[in-house]
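Undergrad: Chain by chain, the residues run as shown.
There are 2 protein chains.
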Amino acid sequence: MRTDLPQISTENVQGTNVFSPDGNQIGEIDHLMIDKRSGQVTYAVMSFGGFLGLGHSHYPLPWAALHYNKDLEGFQTGVTEAQLKNAPQLSDDSWSSREWESRLHQHYGVNPYWA
Amino acid sequence: MRTDLPQISTENVQGTNVFSPDGNQIGEIDHLMIDKRSGQVTYAVMSFGGFLGLGHSHYPLPWAALHYNKDLEGFQTGVTEAQLKNAPQLSDDSWSSREWESRLHQHYGVNPYWA
Numbered sequence: 040m041r042t043d044l045p046q047i048s049t050e051n052v053q054g055t056n057v058f059s060p061d062g063n064q065i066g067e068i069d070h071l072m073i074d075k076r077s078g079q080v081t082y083a084v085m086s087f088g089g090f091l092g093l094g095h096s097h098y099p100l101p102w103a104a105l106h107y108n109k110d111l112e113g114f115q116t117g118v119t120e121a122q123l124k125n126a127p128q129l130s131d132d133s134w135s136s137r138e139w140e141s142r143l144h145q146h147y148g149v150n151p152y153w154a
Numbered sequence: 040m041r042t043d044l045p046q047i048s049t050e051n052v053q054g055t056n057v058f059s060p061d062g063n064q065i066g067e068i069d070h071l072m073i074d075k076r077s078g079q080v081t082y083a084v085m086s087f088g089g090f091l092g093l094g095h096s097h098y099p100l101p102w103a104a105l106h107y108n109k110d111l112e113g114f115q116t117g118v119t120e121a122q123l124k125n126a127p128q129l130s131d132d133s134w135s136s137r138e139w140e141s142r143l144h145q146h147y148g149v150n151p152y153w154a
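Just so you know, the protein sequences line up as chains Z and U, in that order.
Residues in the first sequence are numbered consecutively from 40, following our numbering.
Residues in the second sequence are numbered consecutively from 40, following our numbering.
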């Protein structure tokens, strides 16, 4: 795939690397969550494959906590291991709970996408 | 998957049905295109599997030309067969060409997502 383009296919997002601010690869994007009505990407659900010794397999990050870095050909985030470990638990009801979404955004210190 | 939720996983978008305004299934979503920086879904790339006798396999529709219908558990569009047949051709350069994007949005009569 061409990574220099301003747009990316959802088929190619799966597996895209995520880096720390100092450029270390910390994990990858498993899939994205999308708001059906607005078409806005709301969360990148990450997998860490043992990089940080995290027990759970999937960690949703607010989209606003990620930034695409052309040079690294991947996303960067300032989120810390401690933040991930203490994040609000994900359940099937999370995607329809504004209360859970509010806590998650607050936890990572980013503005809600719906405000 | 639960289709009643306000959010959907990119893993589940592939294969989601697309219906005409009168509720006939006309095709399905193959994948989405996403603007890397803003996280906005820009296009739904559709496949028609012979429904309309269309020769090409992939037709990108501006996201704004689709609306999610909870009852149908899929997307609806008012786009016609004639519009699809006469749409600007898709190439590898399309995703980095504002000129092509402008023509496509104009063709389907929807406002550009970047304006």
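Derived from the structure by calculation, the hints contain no laboratory data.
Every value quoted in this text rests on a predicted model; they were computed, and no experiment measured them.
Hints may contain errors.
Quick list of in silico lysine-lysine cross-link-like pairs, BS3-like style, CA-CA up to 25 Å [as the list claims (entries may be wrong)]: (1) U:109 x Z:124; (2) Z:109 x U:109; (3) U:75 x Z:75.
So these bits of chain Z aren't anywhere near chain U, every CB distance computed over 12 Å [to be verified]: (4) 51; (5) 74; (6) 79; (7) 83; (8) 88; (9) 109; (10) 147; (11) 154.
Short derived list, chain U residues pointing at chain Z, Cβ under 7 Å [unchecked claim]: (12) 46; (13) 65; (14) 68; (15) 73; (16) 74; (17) 75; (18) 78; (19) 80; (20) 107; (21) 111; (22) 115; (23) 134.
Each residue gets a CB set at the ideal place from its N, CA and C atoms; glycine is no exception.
Undergrad: Next, verify each hint and record whether it holds.
TA: Hint-by-hint comparison with the structure:
1. Between the alpha carbons of residue 109 of chain U and residue 124 of chain Z the distance comes to roughly 35 Å, so the proposed pair goes past 25 Å and is violated.
2. Restraint check for residue 109 of chain Z and residue 109 of chain U: the C-alpha separation of about 37 Å exceeds 25 Å, so the hint is violated.
3. Proximity of residue 75 of chain U to residue 75 of chain Z is assessed by CA-CA distance (about 18 Å); at most 25 Å being required, the pair is judged to hold.
4. At roughly 9 Å from the closest C-beta of chain U, the C-beta of residue 51 of chain Z falls inside 12 Å, breaking its exclusion from the interface.
5. The Cβ of residue 74 of chain Z sits about 6 Å from the closest Cβ of chain U, inside the 12 Å cut-off, so the non-interface label is violated.
6. Not every beta carbon of chain U lies more than 12 Å from that of residue 79 of chain Z, the smallest distance being close to 6 Å; the non-interface claim is violated.
7. The beta carbon of residue 83 of chain Z is not kept farther than 12 Å from every beta carbon of chain U, the shortest such distance being approximately 9 Å.
8. A cut-off of 12 Å between C-beta atoms confirms that residue 88 of chain Z is not in contact with chain U; the least separation is 18 Å.
9. With a least beta-carbon separation of about 9 Å from chain U, residue 109 of chain Z fails to lie farther than 12 Å from that chain, contradicting its non-interface assignment.
10. Against chain U, the non-interface label of residue 147 of chain Z holds: every CB pair exceeds 12 Å, the least being about 15 Å.
11. Remark: the non-interface label on residue 154 of chain Z is consistent with the geometry, its nearest Cβ contact in chain U lying 15 Å away (cut-off 12 Å).
12. Look at residue 46 of chain U: its Cβ gets to within about 4 Å of chain Z, closer than 7 Å, so that hint holds up.
13. This hint is violated: residue 65 of chain U has a C-beta 19 Å from the nearest C-beta of chain Z, more than the 7 Å allowed.
14. The criterion of a C-beta within 7 Å of any C-beta in chain Z is not met by residue 68 of chain U, whose closest approach is roughly 9 Å, and the hint is violated.
15. Checking residue 73 of chain U against chain Z: minimum C-beta separation of about 5 Å stays under 7 Å; hint holds.
16. At its closest, the beta carbon of residue 74 of chain U sits 6 Å from a beta carbon of chain Z; the interface hint therefore holds under the 7 Å criterion.
17. Evaluation of the residue 75 of chain U hint against chain Z yields a held restraint, the C-beta minimum of about 4 Å falling below 7 Å.
18. For the restraint placing residue 78 of chain U at the interface with chain Z, the shortest Cβ-Cβ distance is roughly 4 Å, inside the 7 Å limit, so the hint holds.
19. Of the supplied interface hints, the one on residue 80 of chain U holds, with its beta-carbon coming within about 4 Å of a beta-carbon of chain Z, less than 7 Å.
20. Using the Cβ-Cβ criterion of 7 Å, the hint placing residue 107 of chain U at the interface with chain Z is satisfied: the shortest such distance is roughly 4 Å.
21. Given hint, residue 111 of chain U at the interface with chain Z, is violated; its Cβ is 12 Å from that chain's nearest Cβ, farther than 7 Å.
22. Contact between residue 115 of chain U and chain Z, as hinted, is not supported at the beta carbon level, the nearest pair being about 12 Å apart and thus beyond 7 Å.
23. Evaluation of the residue 134 of chain U hint against chain Z yields a held restraint, the C-beta minimum of about 4 Å falling below 7 Å.
Hint check: violations occur at hints 1, 2, 4, 5, 6, 7, 9, 13, 14, 21, 22; the rest are consistent with the structure.
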